[in-house]
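Turn these sequences into a full structure, and let the hints steer you where they fit.
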Amino acid sequence: MGSTISTEILWEWLESVPDPEIPVLSVVDLGIIRDVEIVDDDSNSHVVITVSPTYSGCPATEVIAGDITSELKRRDIDKVEIKTRIAPPWTTDWITEKGRDKLRRYGIAPPEHLSPGSTPDCPNCNSENTERLSQFGSTPCKALYRCRECLEPFDYFKCL
Amino acid sequence: MELDKKLNQPLAEYLKHLGDNTLILAQRLSEWCGHGPVLEEDLAITNVALDLIGQTRLWLGLAADIDDTGGDADSLAYQRDVLDFRNALLVELPNGDFATTAARQFLFDHWQLLALAELSRSSLQPLADIAAKSHKEVRYHTDRSDQWVRILGDGTPVSRERFETALNALWSYTGELFEVKQGDQALIDAGIITDMSLLHRQWRDDITSVLDQASLATPPDEYMQRGGRDGMHSEHLGYLLAEMQFLQRAYPGAEW
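Residue numbers (the working numbering), protein chains in the order written: chain A, 1 to 160; chain S, 1 to 256.
If you're looking for bench data, these hints aren't it; they were derived computationally from the structure.
Note that beta-carbon positions come from the ideal geometry of N, C-alpha and C, so glycine has one too.
Keep in mind that the hints are not guaranteed to be accurate.
What the hints assert, rightly or not - Which residues of chain A face chain S? A partial, calculated answer using Cβ under 8 Å:
1. Tyr55
2. Gly57
3. Ile86
4. Asn129
5. Leu133
6. Gly137
Stated by the list, open to error - Simulated coverage check for chain S against chain A, where a stretch passes if three residues somewhere in it have a Cβ under 8 Å from a Cβ of chain A:
7. 12 to 19
8. 45 to 56
Right under this line is the structure:
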């Protein structure tokens, strides 16, 4: 491994690894990369990426580990170790501001700490007049809503 | 924390209880896949099942580490016989109608919510971490279950009657969740697990406050079924395992 590799560069490269279920977000935007480390030891230099799973049963977890490994391999980093860390548990608060914007533009309402009875704004027309269709959606992290103004159904990224 | 070797066996048993509860219930819920009363419910039930399977991997993974017999979460799930399962009888009961599934989930979610909040303060860090992670997911499950109690209880005379019948039929399976087994005491003394019997009253109050909202009565505590944690299961579990374990039994070690 060249001495030019820094953790900053690794973070940058990870920005090009998409979340398999919401490909508009990178794994960095999603806030699941908790640590990036270069272990520089003559006999066994390698990179350690620590990942926190979103939902404990999320089937994307293994795909993400594979995608990170192959992205780094593409950049000539052959030895990658993926560590899983469950504490502190992942929270939607770790989704970056940039990630929240990307979600909105993609048509998914980003997670909000909603007061009881209130609903997320429509990501298409920004109306507050929305209703919940289903508490669960197409993936473990989403719920299904509909806008009463523009009548579009939309996904809401559940707050966890 | 350095674990006293004497605690290994009771701790592994306890972790199997937690992991088997989530595993068997997840398997039951998965049976609804493609059969939900509406598409949204089909998604919801299977999503809850998915969360529970994720939690199972963590619980049984830790159980296998503590057991230290070279197994892992998969071998515990797919290669144990029925007598070695430690789940409560409640979760292995057949799904019945939608009201029965909803009532079982409501009773179980509230138990899990209380138990996980306590276990997240365990002196054993890996156990506390799994409990804290699971607790966040279960909060969401509980909201959904409470909503169904209100919808079915306040719905039509038929939905109300079905829900009441289910609740009364399942009630005798709830006592077992609060049992303290012989092996548990040393774990309680070491601050690793909670004395579940102390949560029984709180659980009953929580259940009652939701049932009240739909003016449903809390069933009286009478005879309680038990035996799941000793491996004395109903006939239903064997059939469930026969389906769940088929592939690994027929093709041991198969992967894809």
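Results of checking the hints against the structure:
A least Cβ separation of about 6 Å between Tyr55 (chain A) and chain S falls short of the 8 Å threshold, and the interface hint therefore holds. For Gly57 (chain A), the shortest C-beta to C-beta distance to chain S is roughly 3 Å, which falls under 8 Å, so the interface hint holds. Because the smallest distance between the Cβ of Ile86 (chain A) and any Cβ of chain S comes to about 5 Å, under 8 Å, the interface hint for this residue holds. Here the hint on Asn129 (chain A) is broken, as its CB sits about 20 Å from the closest CB of chain S, past 8 Å.
The interface hint given for Leu133 (chain A) holds, since its Cβ lies 6 Å from the closest Cβ of chain S, which is under the 8 Å cut-off. The closest approach between the C-beta of Gly137 (chain A) and any C-beta of chain S is roughly 7 Å, which is under the 8 Å cut-off, so the hint is satisfied. As drawn, the region 12 to 19 of chain S meets chain A at 0 residues by the rule of a beta-carbon pair under 8 Å; below three, the given contact is violated. Given a C-beta distance limit of less than 8 Å, the hint that chain A covers the region 45 to 56 of chain S holds, as 8 residues qualify and 3 suffice.
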